[in-house]
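S.K.: Bring the two chains, given one by one in their own frames, into a single complex with the hints.
Just so you know, the protein sequences line up as chains A and B, in that order. So the mapping is simple: my numbering equals the position in the first sequence, first residue as 1, plus 719. So the mapping is simple: my numbering equals the position in the second sequence, first residue as 1, plus 20.
Keep in mind the hints are simulated off the structure, nothing from the lab. Keep in mind it's a predicted model, so treat the numbers as computed, not measured. Warning: the hint list may mix true and false statements.
Stated by the list, open to error - In silico DSS-like links for lysine-lysine, alpha-carbon gap of 30 Å or less:
#, chain 1, residue 1, chain 2, residue 2
1, A, LYS1049, B, LYS112
2, B, LYS173, B, LYS208
3, B, LYS173, A, LYS1049
4, B, LYS173, A, LYS1050
5, B, LYS337, B, LYS202
6, B, LYS400, B, LYS337
7, A, LYS1049, A, LYS1091
8, B, LYS335, B, LYS403
9, B, LYS112, B, LYS173
As the list claims (entries may be wrong) - Sample of chain B residues at the chain A side, in silico, Cβ under 10 Å:
#, residue
10, SER56
11, ASN96
12, THR125
13, ASP134
14, ASP147
15, ALA158
16, TYR364
17, GLU377
18, SER387
19, ARG391
The beta carbon of each residue, even a glycine, is placed where N, CA and C say it ideally should be.
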Amino acid sequence: MGEEEKELHKKILATDAMKQLMATYYMEAKAAEGDDKKPVCWITSGAPVEFLVAMDIIPVYPENHGALCGAARMAVDLAEIAEGAGFSRDLCSYARLDIGSAMSRGGPIGGLPRPDFLLCCNNICGTVVKWYEELAVYFNVPMFLIDTPFVHESSRRYAIDYVAAQFRELIEFLEEFTAGSYDAERFREVALLSKEGIGLWSDILRLSENRPSPITCFDAFIHMAPIVTLRGTARVIDYYRALKAEIEQRVEKGISAVPEERYRLLWDNIPIWYELRNLGHLFAEQGACLVADTYTTAWAVEIEVDDPVNSMARAYSSIYLNISIDLMFKKVKALIERYSVDGVVMHSNRSCKPYSLGQYDIARMILSETGKPVLVIEADMTDSRVFSSSQVHDRILAFIETLHS
Amino acid sequence: MKTGVPGKMCDTLSTLFDMRQDPYSGARSLHAAGRSILGYSCSYVPEELIYAAGVVPVRILGDNKQRVAWGGHLQNYCCSLSRSTLDMALNKEFDFVDGFVFGHTCDTMQRLSDILRINAGFEFHADLVAPSRLNGEAAFGYMLEELGEFRSKLEARYGPISDERIVESMAVYHENRKLVRKLYELKKRSPGKITSTDLIWAATAGYLMDRAGHTRLLRALLDELESLSVTPEPGDEKIPLFGIGSVMDQWEFLDMMETAGGTFINDDFCNGGRYAEDFVPGPDEPMAALARSLMGRASCPCKHGGDRSTALIDKVKYSGAAGVVFFLLKYCDPHSFEYPHLKYLLGELGVPSILVEIEHGAVSMESMRTRIEALLETIKGLKQAR
Ligand code: SF4
Ligand code: SF4
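Extracted from the complex, chain B is given alone in its bound form (with noise of 0.2 Å):
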């Protein structure tokens, strides 16, 4: 059977699909291009609203290199992304950005912003404190006045942004989430039409790129995969899994797992499933309706007020998969916190868990292969027993 972005694929796609061996080779081209870019770090900042200035943002992952130039300001018990984040900057990769943006979510993305901005930053840096409560009027409020500072900061270097632009721009990123649920969708369909890996690349590429140009890339996958006629032979089909876990940038794991016979039919990745999952609030005033669209999305554990855990496993239990994989970076307070109680609700579902703890830069596949396959030998025998 084959798997991955089968047959006829189009120069546009294996584009999209090439990036991945350089993440930011499309915004250097951009960059190259005359536009101008925007870093930034976590969810929470409001994407739209930098388009809407005419700049392109572009979400910083981290990568796989050995890196060490952030020991001089990061102690080791912080989590890999922000290092390799912290330390890409001190080497100039980020030549293509004007700036950063950092969203208000953890302790460390909090004093990640300081240092970065310290030793590594550019004239524009902004920092968006995003309420951590996503409930209440007075956090509306509030998220609605932060905006509105963010947005002259925006103006005072890119110009005066319409209201119209940020209508327009908030059509384009809500029409770019419904495409990569689509995509969410067609995988819940048919499994065997995307590999995992290629799915959440598909949805990470949007960060990386020109978010229009994006959803066109999309609309030609989504047509393509659409077209393609795939039938598992008996035996072939993949344990269909579930991800928990904030960026899932690890593209050699997922490789690994589909190899080992799982596949994540659904998850709560950030940069994946998580972001598909849009809130489109009513008619509204422009930058109310941006506001209510950041805190109505579903929401990340740095956030409080709604109810989380309960969502996730509701949205495990409707994605029909037989297991779950918790993918945590190693030190990511967040995360870690929730991981007993979600394991706990999960083990009451009977639906098996692991958790993988990873750091950039000292990833061991094996480990890791040892864990998904026990984790897929549980299933198996689960299922023999019913």
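Chain A on its own, in the form it takes in the complex (with noise of 0.2 Å):
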């Protein structure tokens, strides 16, 4: 195979429709700032956006933002301006990089549109919950909170009630809010979709498993994006269809993803997404491929399109982040098992607490029930002030060494 030839089957194809999608997906949301009709709404991503696109308004994801503002490395900017205003440069970078964007309407797409309402979920993390809060008090817009609580051992069924009763108070703000009407079936129908794109999302992943793995965990980090923004709609559906379809082929004519695939490892936390290229290929060259992660499987929640809004609040409510440490590290177990890998690389993020903290005890536990070893490396997903690269590659080169024997 030539270099070119083999470039061009690294490169996948369907990158550009989804870099068109998300475009137009930005570009709408954009002109919909200032429109009536089309409210738009800031939402956490692990939030049930499929009320908002039942009821035709627009989510905008902050945090999509900021991983964009990370891969353009412009996060670092923006962060300073919200520090000067007297933000702690130790609150998460997403954050910090917003609100910057907020107040400068810096970043790779000038800023996000304004919010004409907030919505907001715990399931990732209590710093959303003040996040929104200064958000709710920059913009003077209401903020709805859908508080999930935190499941250390089983999800009790008073705490899906709970959630399952905010759904339904959310439904009430919404209609209040937008002066129109719930209507049960177009909810049933974005559920449907949602269940068909995250049952998409979840099939390419689990292409995954073949060997040579046809895509590494980046790739998965790119192509997230849709089924975290477009949730829902047809035309994330039609991406993923076409995606699927390509990396199926690639499996069928056995493609790698890395040019010889000898290590198969799993990334934990958040990416480091102003370093993505760079750690993409420092793994590549030395033929281990991060064939799965914690991070993007987070988005293949299970919905029950007979009873939506009970089964969505038990979905939104056991997601990754929302899981105690032992729970978290079954989950880490049944991937480590499926996805058959010799190791695991953890990214400890210091903007994110319920992601990081812990994750030694989990390596523990990794190393000892299934014998595999673990690499923790120390960043931060958009604010590269913390991040030593040369450190980071070294111990990354270390530590493959360790795999040959």
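M.R.: Here's what the structure looks like:
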């Protein structure tokens, strides 16, 4: 295989379509700013967007925007604006850079469209509650919080009831806010689309079970944007159908995501957005394929169309960041087995406490219960000021060397 | 002028103030005397329910020892309260407790609960996942159920808890908070009678001993202070300040501030002024009353639904403080997030403020002194300009 051909095989052709999809999404969202008919809602990544889609509200994800700014290496400048306004450098960098972007309209897309209201769900962290409270003050708009009680042992029935009750309150809130009415049939349709989109996304991720793996988690990080931002719409389904077909073809042809797959690894935590490309190359050069991760699978929630409100209450309450360390370990172990990985790379992400605190213990559990080695690297998902590239690269190389034995 | 608890301090009161040298000494002696003790994390753990089970709830505070054992389990970017708590547990310094109870507050505490349980836990470990929303009947209903779960868990270990016991226990705690409030009122009336170190310690000590016993000590303290006549000499008055933060357990810092000429006239520390702000609900079933009381109290920044910033700014206004000290633990997200807006609101009011960030075990008194002095100078300057 010539060099050029190799490159070609590595590049996923659907990437352009994805970029187009996201560009259109952001363009439409920005065009809706100030348009009374199309309210804009800023929403957290783990929140039940289906309700918004069913009521023709445009959801905008500050976290996805954060990733975008991080990948464009514009995060630090934006974060510094918020820091100048008194926000501590120790706070989540998505929050800092998004606040900085709101204050300056800076960043790769010139800032997000102004929200008409905010929808926050604390199933990913408590940080978003504080972050959104500050946004509510800054923009002087209402904020709706969906509180999903943390699961230490198992989801309690009354906790699910509590979440479902808040969903119903949310419906009332949305009806009042939009002066429109909620249509249960339309909601079911959206839930169905959401379920289908999530299903396709899970299928795509599962294709990495193949040896060699047709994609790496770096690909998944890039292609997850639509399932996060456009979940519940038909265009997501078209897009993921095409992506799935392409990846399936790669599997058939035996195309490997990395030139020679010698090691299969699992990634834990949010990507290091500004370093994605470099890390991708580093691992690929060593024949190490990050075949799966704990992050992109977080959107693989299950929805039952017969009972969308209750099943969604359950699904949204038990996502990866809302469960105890023991339960997280169970999920990690299942991924290790399913994807036949040889080792785990954990990004200790100083921005994200719910994701990172506990990693050292999970690492020990992995080692003792599966025998797989774990590497922990210290970084931040978008704040490159705390990242030491040479140190991290050296540690990765040393780790891969130990896999030889 | 004399400050602190002057004059004829009786033995019981010296016990109270001596305990500051060794905060868990009281709990250890209770344990030695056969009492059961449960350690617990933040506000939102229902002390009343634990107490009703015949158990003494003891709140875990940080300490200033240089500690390292936490490093194998926690990253350095979490607050030093969580780090020192874990470290003490790993060092088996909590040998006087039967177990721990965590109430749901911030992301760090939530993970700490698991980490502590896995590595240094006891047979009894409970997570009471209080709602993050304090408003709405759905949240209340959930809180009630969660309290019921916790009650069963306590009962499984300590035997049945009768409703009467819960009512009695709540009465003990309401009474206690009322006395802490009285102490704060006295501080406002006659700031020279008690230093902020002693005031906040007197409130905190309740976390570390039998609550009814603490109430008796508070009564004695109040009597003693009421009978005292202290007239500060001209120029000797301290500048009234207001403290905002999570746990205030830096006694040396408070002493330093007093020496520099400032005193906390009131505060929002969860072991001080915030705790004193009780919520006594109307007549209700005991468990419902408990739930309402927990949800109705002055809110912690980890909770959503009350208008915390307005309430807090009002409290500063009413206190008559001339300046505010944000005393925050580094890496504490909930408090750090609200800082810029609170600072802005204080600015609108014309109240100057400073931010002091600390880590247990690495406190630099010198740099804090400089900051406090700068604040006091600013306040004096403002006064002259008026
Ligand atoms: S703290 Fe973590 S989960 Fe929360 S917004 Fe930041 S990155 Fe996301
Ligand atoms: S000080 Fe802050 S971060 Fe630490 S436990 Fe308290 S609320 Fe959480």
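S.K.: Which numbered hints turn out to be false for this structure?
M.R.: 2, 10, 18, 19
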